[in-house]
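Start from the sequences, fold in the hints, and give me the full structure.
Number of protein chains: 2
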Amino acid sequence: MIRYPLIVFSLFFSSVLFAQSDQNVKEDFKPSSLNQPGQEYPQVNSQGYARFKILAPAADSVRVSLGLGGKGGTKLTKGNDGFWTGTTAGPMDEGFHYYNINIDGGKFNDPGALNFYGSVRWESGIEIPAHDQAFYELRDVQHGHVQQILFPSKSTGTSRRAFVYTPPGYDKNKSTRYPVLYLQHGWGEDETAWTSQGRANLIMDNLTAEGKIKPFIIVMTYGMTNEVKWGRIHEFDIKHFQTVLVDELIPYVDSHFRTISDQRNRAMAGLSMGGMETKLITLNKPDVFSHYALLSGGTYKPEDIVDKSKVKLVFLSCGSKERPDGVKSAAAALQKAGMNAVSYISEGTAHEFQTWRRSLYQLAPLLFK
Amino acid sequence: MIRYPLIVFSLFFSSVLFAQSDQNVKEDFKPSSLNQPGQEYPQVNSQGYARFKILAPAADSVRVSLGLGGKGGTKLTKGNDGFWTGTTAGPMDEGFHYYNINIDGGKFNDPGALNFYGSVRWESGIEIPAHDQAFYELRDVQHGHVQQILFPSKSTGTSRRAFVYTPPGYDKNKSTRYPVLYLQHGWGEDETAWTSQGRANLIMDNLTAEGKIKPFIIVMTYGMTNEVKWGRIHEFDIKHFQTVLVDELIPYVDSHFRTISDQRNRAMAGLSMGGMETKLITLNKPDVFSHYALLSGGTYKPEDIVDKSKVKLVFLSCGSKERPDGVKSAAAALQKAGMNAVSYISEGTAHEFQTWRRSLYQLAPLLFK
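Protein chains in written order, with the numbering used here: chain X, 1 to 369; chain G, 1 to 369.
Treat the hints with caution; some may be incorrect.
Heads up, the list lumps identical chains together, so a pair's fine if it works in one copy or across two of them.
No more than 30 Å apart at the CA atoms, straight line, and that leaves these computed lysine-lysine pairs for DSBU-like [unchecked claim]:
| no. | residue 1 | residue 2 |
| --- | --- | --- |
| 1 | Lys321 | Lys75 |
| 2 | Lys301 | Lys312 |
| 3 | Lys107 | Lys30 |
| 4 | Lys369 | Lys174 |
| 5 | Lys154 | Lys30 |
| 6 | Lys285 | Lys172 |
By construction, these hints were calculated from the structure, which means they are not laboratory data.
Model, not experiment: these values are computed from the prediction.
Encoded structure:
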């Protein structure tokens with residue numbers, strides 16, 4: 001994420017090697033910004049096509065899970081040099097995508113790409129450059145810190161991990177206290193997601209540098225306290241995670257960081273399954289949180305919220321390729337009931353991290369105002 | 001590292017599946033503690049054997065880089081279910097090992113194992129239980145925090161990443177200031193190594209809980225500032241990294257953390273190539289560091305150190321399977337020259353992280369006394 005090794009990429013060789021490519025595919029491929037240091041593949045071009053190159057001289061079949069044209073993904077073709085290569089059938093959506101490689105029937109990661117925890121496994125990741133990527137780029141601004149904490153959890157009998165983002169200036173303004181956003185990942189992800197593929201710390205650093213937000217702390221922990229398999233999500237019982245979050249993590253954070261530890265200055269947000277958790281916990285604990293945000297994670301109805309005066313903001317978002325109408329109409333109904341409700345639709349994106357990066361960028365300036 | 005999913009392991013099925021195993025191999029295999037959540041393989045037994053199981057139904061050859069009996073590693077055998085299985089020919093050394101899987105001529109990671117940055121790539125990792133592992137286990141004690149910082153670096157034109165360990169109590173004892181150890185990784189690793197495979201934070205937490213150390217801060221950053229390939233290490237020029245460390249990182253740390261920012265309270269240590277860097281920088285900058293430690297990373301001669309009165313400690317270590325005599329005789333020569341020099345040999349380990357975990361455990365109580 002931080003190092004950008006210089007790669008000399010020869011356009012000449014690439015056009016020879018990939019002579020089979022679609023005539024409309026621009027040959028301006030560059031290594032994905034999420035490659036492992038020094039790795040030339042996977043690559044992306046200015047149109048959003050992705051190109052893969054995998055060494056497996058004796059394999060019979062190599063397929064990339066990512067790509068258009070059905071669930072088969074992208075089939076790679078073997079060259080005389082033992083490398084399998086191939087390009088997606090069309091441009092990918094802007095932003096971050098998880099993927100994996102199927103080699104002769106087994107699922108592996110691309111040795112060229114960095115790994116990101118998703119789908120209950122560390123997956124390969126690729127970054128398609130986005131027209132609006134400046135808001136989550138690493139820029140020459142003051143940076144906050146991301147701390148790994150291990151907090152005691154009696155309910156689960158172990159020390160649990162969380163990450164805490166403290167804003168630029170936290171270490172210098174030693175008497176300032178800050179509001180806190182508790183921010184949850186989605187199903188199959190973990191507490192690493194928001195500051196890795198989500199770039200939450202860089203989004204906050206950039207917003208701070210532009211003076212667009214009131215600085216706050218973000219806390220991210222693992223939300224799958226009880227193990228639930230996909231497809232059995234109805235068996236999920238929020239009480240386990242609610243205990244960890246409200247009775248164990250919040251007291252630890254309030255005693256170890258300079259927080260403003262009241263309801264007015266505490267928010268909760270989550271993406272996808274993390275949105276479901278956010279909805280359940282905020283409704284169960286109206287005296288703990290005042291700002292609620294569901295990112296591709298469902299909606300609130302006005303009748304869900306008993307004491308509307310306690311809620312300072314409801315933020316609902318999703319990608320335009322999800323169900324934007326449901327999000328918009330839910331926000332409208334909340335507004336009609338007198339609430340401060342905001343909806344945001346990420347244009348051209350689906351149930352993926354680009355939607356959630358943009359959602360955080362829209363949400364942050366609205367918090368704790 | 002933190003979650004320990006419950007795995008039901010059937011000894012019955014395992015003894016059927018692995019009937020080809022050596023009669024002397026105990027069938028008490030359990031998932032490695034470094035597996036991805038919910039993954040049953042790789043496994044390790046109480047003797048230190050490692051067992052692998054990889055799905056690749058149509059592959060012709062699957063080989064694990066780890067194992068005894070030459071550089072071929074461990075060849076896996078295909079079963080009727082499409083899984084390839086195999087056990088190392090003998091017990092492995094205690095502690096952490098990097099490895100990868102060769103599938104039909106290509107190098108991939110084991111989908112069951114977590115990944116660790118080594119050899120200039122994210123490698124699979126496996127943990128062989130050690131008789132002395134309590135000192136680096138996650139225990140129910142007060143835990144320090146590990147912070148990711150992004151510090152400005154004019155010399156390299158970017159923000160660079162470092163991790164900062166602050167000891168338990170740092171957030172509560174708001175007026176206490178702490179000494180600092182700058183701790184470097186080895187060739188092909190990065191700034192994640194010491195708190196991931198190295199478990200430096202847990203080692204420090206446990207030492208603190210036992211009252212064995214004077215609390216201090218540890219700072220870890222990336223040491224390969226100029227790109228150098230293995231085999232061309234003689235082209236390495238320390239001045240690039242020295243500038244980042246001494247002129248950029250140290251001032252950032254001293255202005256953002258409650259450090260005691262003088263030579264007496266600043267140490268540098270490094271493993272392998274990080275030891276080489278430590279030696280060069282400490283000798284170049286005698287007014288910056290007072291405690292020097294080389295872990296499997298070379299030695300100092302008495303004549304290397306011009307003003308011996310400025311050096312409070314020289315710590316030299318390696319594994320018993322490396323060159324312990326060189327380390328011992330170098331420490332003896334330094335002692336003879338009137339210096340506070342200590343040598344430590346890690347019994348039964350080689351040029352691997354178990355040597356360096358133990359070395360940190362031995363070094364920490366000697367620092368800043």
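These are the hints, each one checked on the structure:
no.	hint	result
1	Lys321 / Lys75	within (25 Å within a copy, 47 Å between copies)
2	Lys301 / Lys312	within (15 Å within a copy, 67 Å between copies)
3	Lys107 / Lys30	both (25 Å within a copy, 23 Å between copies)
4	Lys369 / Lys174	both (22 Å within a copy, 29 Å between copies)
5	Lys154 / Lys30	between (49 Å within a copy, 26 Å between copies)
6	Lys285 / Lys172	between (33 Å within a copy, 28 Å between copies)
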